[in-house]
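Note that the protein sequences, when read in sequence, are chains A and B. Take 3 as the starting number for the first sequence in this note's numbering and just add one per residue. Take 4 as the starting number for the second sequence in this note's numbering and just add one per residue.
Among the hints, erroneous ones may be present.
From the structure, some residues in chain B lie toward chain A, with a derived Cβ separation under 10 Å [claimed, not checked]:
(1) Val-91
(2) Thr-92
(3) Thr-197
(4) Gly-206
(5) Ser-215
(6) Ala-243
(7) Arg-245
Hints in this document: simulated from the structure, not taken from any laboratory. We put the beta carbon where it would ideally sit given N, CA and C, even for glycine.
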Amino acid sequence: MPTWLRIAIIIALVVTLPIVALVLVLVRGNGDGEEEDDGVLSAAIVDQLSVTVPNQSFADSAKSMLEEAGYTVDYYPGNVVTVEFYRQLPYHAYDLILFRSHADRLEATDEAGNPFDQVVLFTSEPYTEMKYQNEQSAHDLVIARYERGGEPFFGVAAGFIEELEDGFDGAQIVMMGCEGMLNETMGAAFVERGAQSYISWNKTVSATHTDAATETLLGHLLDGSEPNEAVAQTMSEVGPDPEYDSVLLAYPATE
Amino acid sequence: MLRTFAASVILAALAVLALSPGTAQALPPAGTDDVQVNAQAHVTSRLGQETIYVSGPATIERGDPYMDGGVEVVDMEILSMDLSGSSVTGSVAISQGASTPSIGELRSNQSGQSWPATPSFDLYVQITAPASPNPTITLHNDVPISVETIFQGSPLSITTWPPSGTPWEADIASCVPLLPTNPMDACITSMSFTISGTPSGVGGFSELSGVSATDSGPGWPVALMATLGAFVLGGVAWSAKRVVAR
Numbered sequence: 003m004p005t006w007l008r009i010a011i012i013i014a015l016v017v018t019l020p021i022v023a024l025v026l027v028l029v030r031g032n033g034d035g036e037e038e039d040d041g042v043l044s045a046a047i048v049d050q051l052s053v054t055v056p057n058q059s060f061a062d063s064a065k066s067m068l069e070e071a072g073y074t075v076d077y078y079p080g081n082v083v084t085v086e087f088y089r090q091l092p093y094h095a096y097d098l099i100l101f102r103s104h105a106d107r108l109e110a111t112d113e114a115g116n117p118f119d120q121v122v123l124f125t126s127e128p129y130t131e132m133k134y135q136n137e138q139s140a141h142d143l144v145i146a147r148y149e150r151g152g153e154p155f156f157g158v159a160a161g162f163i164e165e166l167e168d169g170f171d172g173a174q175i176v177m178m179g180c181e182g183m184l185n186e187t188m189g190a191a192f193v194e195r196g197a198q199s200y201i202s203w204n205k206t207v208s209a210t211h212t213d214a215a216t217e218t219l220l221g222h223l224l225d226g227s228e229p230n231e232a233v234a235q236t237m238s239e240v241g242p243d244p245e246y247d248s249v250l251l252a253y254p255a256t257e
Numbered sequence: 004m005l006r007t008f009a010a011s012v013i014l015a016a017l018a019v020l021a022l023s024p025g026t027a028q029a030l031p032p033a034g035t036d037d038v039q040v041n042a043q044a045h046v047t048s049r050l051g052q053e054t055i056y057v058s059g060p061a062t063i064e065r066g067d068p069y070m071d072g073g074v075e076v077v078d079m080e081i082l083s084m085d086l087s088g089s090s091v092t093g094s095v096a097i098s099q100g101a102s103t104p105s106i107g108e109l110r111s112n113q114s115g116q117s118w119p120a121t122p123s124f125d126l127y128v129q130i131t132a133p134a135s136p137n138p139t140i141t142l143h144n145d146v147p148i149s150v151e152t153i154f155q156g157s158p159l160s161i162t163t164w165p166p167s168g169t170p171w172e173a174d175i176a177s178c179v180p181l182l183p184t185n186p187m188d189a190c191i192t193s194m195s196f197t198i199s200g201t202p203s204g205v206g207g208f209s210e211l212s213g214v215s216a217t218d219s220g221p222g223w224p225v226a227l228m229a230t231l232g233a234f235v236l237g238g239v240a241w242s243a244k245r246v247v248a249r
């Protein structure tokens, strides 16, 4: 092989290999590739509450109900619920997601005087100023605490869900935490990203009541009831939270 | 005459109200409180260190208020505690210590005024944790875990009992050893919790971070251009050198 040809091949390899690698990384989307929707029903139980208010019997019961209805179920304990977990969640193409999570409606004014009013889902990832700075400055990620002055964790605001690269492709979302429907920001964000519906509470709710009500709700959803219908049936059976008077609402609401 | 009499009556009534300590809002009388506890404890041991979250019910017994040092005081005791949670190695349960009661008090901050008041407890607990070769090990503390209501590092007075949602923290200098020492050498380095008289909501408190937009420089393909260029040039130089050497 002539010398010039050898040099040309080496130069070509040196130049093209990094470009090929770059293209592969961009195409695969930085990690998990999107799972193909193969027609098999799948569901996720995201049990962020398991670190503070564990209820294994709820998790077991919900999993059992879903499996009996033909779903494959992935259970995620609270300690794996991080910012990156939320970012990757759409790639699993779940048909139904139960978020058993602390949540809060945050109404505030930022340093520039801009109003902020969104629902926030808690993660179990300890907060630091040093990570996700762009998303923090956009208020897509906020600080979340279980108690005033307590340890800070990252909270995922509705804006974060809106900005996800992939969508929820017709999934039904049940967010079992407090105030998930105190305003419509989180519901609108999930539906904007392709979810079929989003169901949550309009005020504070206790773990006991949300666990009991969600089991009932799940039964109606799995029986084929539409989200608004399932919510109405559930509320007529379990009633509002006895302590906080909160009720389940669905987004989008029936016309 | 009538006006003067009416004014005197009103002034007298106001004086009685002002001089009657805590008649409107006294410290609570004797009774029991069934509360919900959400706690977190940072524990170190030979297995490493971990923050464990537990929750569950507790029952607190209160005595009648009495005067001590010129202020009102209510003695309290934790009758039972049934907290559970999970750790990296499995389920953890915390209950009231078997041998030493957890005694506390609610003490008015100043004479002649019931509220605000400062609560405190010396906790003695029993912890059941996963172990090996036995499935579990039961640990307890002999040094009290002294807890009080604290906000942002400063003692926090309360104005109602039970103080739902108010943070409590343990005053631990370095660590409270959990006994028996062997085989785990476990030790509580910090503890905080909240109590509420009603079932806790699964909410929390969120806030905007103070992080503002910063220019973190170009994205990685652009940022790595110089490195990529150097790599290419290096490859070319190495190849040329090999060809010349032949």
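> So which of those numbered hints doesn't the model satisfy?
Replying inline: Hint 2 alone not satisfied by this model.
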